[in-house]
Amino acid sequence: MMENISSQIEKQQQINNKKLEAIFFIPPLLEADSNYSALYKAYNSGYIDTLFAFNNVNNFTNLYELNRRIDSAHLNHQGAQEFTLLLASRFTEYLNNSGQKIANR
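Going left to right, the sequence shown walks through residues 1 to 105 as the working numbering numbers them.
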């Protein structure tokens, strides 16, 4: 997983050179082996400008409720609808802030 994140960061740097910006996001997973520390480190170091992180159960409690999930990695229809609205809201916030560096945790 760390190699994959490293590869994505390198791609982000190439995109930045072309004046395009990638938006990274972390989905609401319940899997214990999901480690996004490299992604947060890249964001905090400035390699990634935009990170939408939905992996905090305290901030997004509804996405982690069992009645919103199929399993630890997948939301059901209701959960997917709520996640879509949250993602759209974060993206709208990003656009309204003229692409300023933002992250939600």
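Derived by calculation from the structure, the hints in this document are not laboratory data. Using N, Cα and C, we set each Cβ at its ideal position, and we do this for glycine too. Be aware that a few hints might be false.
[As the list claims (entries may be wrong)] The calculated label-pair distances, taken between Cβ atoms and stated as ranges, are: (1) I23 to H74: 31 to 41 angstroms; (2) N58 to F91: 33 to 43 angstroms; (3) N56 to A88: 32 to 42 angstroms.
[Unchecked claim] The list that follows gives simulated cross-link-like pairs (lysine to aspartate or glutamate, DMTMM-like), each with its CA atoms no further than 20 angstroms apart: (4) K41 to E21; (5) K11 to D71; (6) K41 to E3; (7) K11 to E21; (8) K41 to E65.
Hints and how they fare:
1. I23 to H74: 31 to 41 angstroms: Since the Cβ atoms of I23 and H74 sit about 22 angstroms apart, the hinted range of 31 to 41 angstroms is violated.
2. N58 to F91: 33 to 43 angstroms: violated (22 angstroms)
3. N56 to A88: 32 to 42 angstroms: The hint (32 to 42 angstroms, Cβ to Cβ) is violated, given that N56 and A88 are roughly 18 angstroms apart.
4. K41 to E21: Given that 20 angstroms is the threshold and the Cα spacing comes to 18 angstroms, the pair holds.
5. K11 to D71: violated (31 angstroms)
6. K41 to E3: Holds: K41 and E3 sit about 14 angstroms apart, inside 20 angstroms.
7. K11 to E21: holds (10 angstroms)
8. K41 to E65: Distance ~28 angstroms between K41 and E65 Cα, so the pair is violated.
Hints 1, 2, 3, 5, 8, counting from the list given before, are not met by this structure.
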